[in-house]
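Visitor: Knowing the structure of chain V, use the given hints to seat chain B with the ligands on it.
Each chain, letter by letter, is given below.
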Amino acid sequence: MNNVIVLVTATNGLLDAASAELLTIGAGLGPVTAVVAGEAGDALVAEIAQYGPAEVHVVSCPQLTDTLVVAKAALLVDRAAETHAGIVLVASGLEGNEVAALVAAKLGAGLVTDAVAARLVDGELAVDKVVWAGKYTVTATVAAPIAVLSMKANSCTPAFVPAEPAVRQAHFDYTATAPVATVISTEPAAASSRPKLVEAGVVVSGGRGTDGDFAPVEALADALGGAVGASRAAVDAGFAPQPLQVGQTGKTVSPELYVALGISGAIQHIAGMRTARQILAINSDPEAPIHRLADLSVVGDLKTIVPAVVARLG
Amino acid sequence: MKILTCVKYVPDAGDEVGFDSDLRLGRTGPSSKLSELDEYAVEQALRLKATMDDATVTVLSVGPADAEVALRKALQMGADEAVLISDGAIAGSDVFGTAAVLIAAAKHLDEVGLVMCGMSSTDAGVGALPALLADALGWPLLSNAAEVSVEDGQARIVRTDEVGTRVVTAAPPAVVSVTDQSGEPRYPSFKDVLAAKKKSVTTLGLAEVGVSADLVGAGAARVQVTAVVRNPERAAGRVIVDVDGSSVDDIVEFLAAATK
Ligand SMILES: Cc1cc2nc3c(=O)[nH]c(=O)nc-3n(C[C@H](O)[C@H](O)[C@H](O)COP(=O)(O)OP(=O)(O)OC[C@H]3O[C@@H](n4cnc5c(N)ncnc54)[C@H](O)[C@@H]3O)c2cc1C
Ligand SMILES: Nc1ncnc2c1ncn2[C@@H]1O[C@H](COP(=O)(O)O)[C@@H](O)[C@H]1O
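For the protein sequence lines, the chains are V and B, in the order given. The first sequence maps to residues 1 to 314 in the numbering used here. The second sequence maps to residues 315 to 574 in the numbering used here.
In isolation and in its complexed conformation, chain V is listed as follows:
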């Protein structure tokens, strides 16, 4: 039997959608121990329980905030040993991928980062990863006895499997065996009243073609109840903050509707939004590559069209 460890994260005490997905993927692989690094209130534990874990471990660790990723990785290694885990799942991201790497190194495990699916085939773990700007899906099996995976958001639909997991409170003290980096200040990610970019059903993104005026982008996003995204050119030019960047070095989104305003559709941008169900593009250049994959392509000026659309949406 494959015991599975899932590193669960929450924002303002609410389970992240990516964590609900991990719990669902984990439940398909073996008995799941959900690990919360830090604190968890009853509400969060109850939310976790909806996705079928066998156990929930809430592990306090004083060193989490002043180290970068090492304490979190060590905490997971400790839980993996405790539960004899064969599979460790964390959410993809700059931090998630590093945590996965360090855990895999310590456990001598096989590592796949940014996986989009994981299943058991004749008892062997098979993992899918999308590579090369979305062109290929590669399937790999993990030869090592333990597998550590970081999973991309929007890989599955979380499934409710209400459970009554055993809840354990634990404590982990990280003691460094070599010099480690020190976090000297943390500014939490800016809060927004809009849905989270990676979880949103509608994403409206602006590019260099906005010329620095994101008001039409935001107005359309709000009219549709969606999130705001941006191309890297828009981020580089200071039109939008980096956490809103969609693409290879930004977020991967998979909404019902993606709207690209003044975005040319470079391969690195497409990599982050190609699985959207419907795409609308407004771009004044008829030759822009985005027109080759949008479901509705409008060749025109976003500055006049978008306000008129927003007015119509009321």
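No wet-lab data here; the hints were simulated from the structure. One or more of the hints may lead you astray.
Label pairs and their computed distance ranges (CB to CB) [unchecked claim]: (1) V:P241 to B:D564: 30 to 36 Å; (2) V:R312 to B:Q538: 50 to 56 Å; (3) V:T65 to B:E567: 47 to 53 Å; (4) B:H422 to V:T65: 34 to 40 Å.
Okay, the calculated bits of chain B under chain V, using three or more residues with CB under 8 Å as the criterion [stated by the list, open to error]: (5) 319–333; (6) 427–440; (7) 450–457; (8) 470–483; (9) 486–494; (10) 544–553.
By construction, the Cβ of each residue, glycine as well, lies at the ideal position given by its N, Cα and C atoms.
Guide: For chain B with the ligands alone, kept in the frame of chain V given last:
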């Protein structure tokens, strides 16, 4: 202090790369080159060198003989010396195999004070090597930096990720990786290109850096590729040319249907 900068030779994103019969990504597309994300590492290494006394920049790559192309580009940007670790046995390595070689090389070279990396390779895109290097060397990890500086013997980075924005410090030796937000890489001038012609690339085999062949290659890989499928391309949909707001009705209708 030596700033050892790890760079990968990768196919260009626009290349039509295929997979070999052994399911390995064809490493050499028609326009393979220095990974764009590693240009940021070279750029930051050069900028740090300019702020320090007695710093030199050595670029290091693990790859096929052709990877010299990537190292040459880094030399044109201004790196002082280049080392290529190339060995038939390395082909087919997973990230741990590549890490084993880079770690051995970092130990083999003298006076390394900083190891600089990009945030991810543009082909494999693992985002793991900097953490693995730091762990194995027993050095602090200052990763995914949008800003880097070294002052009064302390390396300092600013990093933005799912946690928020953090300022992180460590005393060298340390491993640093930088994102594509760290500052645009320089473009070598004609003079730089000429100057780079005088610099040499040292090629070493596994034995020379002291890596045993059973740590690398497909045999040592903990993850085995079993299938590669080409994903369907998205097809173009309806294209309409807007004249004085003529597209608004169609857009509103499309949005209503898409968000139903
Ligand atoms: C390693 C690497 C990683 C990268 N990662 C990412 C990533 O994660 N995300 C990303 O987005 N990019 C990424 N890029 C950059 C990418 O290659 C492109 O440079 C970028 O996506 C271009 O952004 P853009 O479409 O906004 O700008 P441009 O390519 O300049 O396009 C602007 C578009 O706006 C249109 N336009 C201008 N005015 C108007 C108007 N009034 N109305 C309507 N349309 C108008 C123009 O016709 C043009 O097509 C990466 C590049 C590299 C090398
Ligand atoms: N073959 C290689 N040779 C040298 N450096 C590499 C190699 N592969 C990866 N790196 C470095 O490690 C970083 C992260 O790569 P990865 O973990 O493969 O995504 C890259 O940006 C490079 O700096």
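Visitor: Using a Cβ cutoff of 8 Å, are there at least 3 residues of the region 470–483 of chain B near chain V, or does the coverage claim fail?
Guide: holds (count 11)
Visitor: Residue count check for the region 544–553 of chain B against chain V: does it reach three with CB-CB under 8 Å?
Guide: holds (count 9)
Visitor: So does V:P241 sit 30 to 36 Å from B:D564, Cβ to Cβ?
Guide: Holds - the Cβ-Cβ distance for V:P241 and B:D564, about 32 Å, lies within 30 to 36 Å.
Visitor: In terms of beta carbon proximity below 8 Å, does the region 450–457 of chain B have 3 or more residues touching chain V?
Guide: Three-residue rule met by the region 450–457 of chain B, so holds; n is 7.
Visitor: If you check the beta carbons of B:H422 and V:T65, does the distance land in 34 to 40 Å?
Guide: holds (36 Å)
Visitor: Taking the beta carbons of V:T65 and B:E567, is their distance inside 47 to 53 Å?
Guide: About 50 Å separates the Cβ atoms of V:T65 and B:E567, which means 47 to 53 Å holds.
Visitor: Three or more residues of the region 319–333 of chain B near chain V by CB distance under 8 Å?
Guide: Holds, because 4 residues of the region 319–333 of chain B bring their Cβ atoms closer than 8 Å to Cβ atoms of chain V.
Visitor: Are there at least three residues in the region 427–440 of chain B whose beta carbon sits under 8 Å from a beta carbon of chain V?
Guide: It holds: at least three residues are needed, and the region 427–440 of chain B offers 7 whose Cβ sits within less than 8 Å of chain V.
Visitor: Counting residues of the region 486–494 of chain B that have a beta-carbon nearer than 8 Å to any beta-carbon of chain V, does the count reach 3?
Guide: holds (count 3)
Visitor: Between V:R312 and B:Q538, does the C-beta distance stay in 50 to 56 Å?
Guide: holds (54 Å)
Taken one by one, the earlier hints all hold for this structure without exception.
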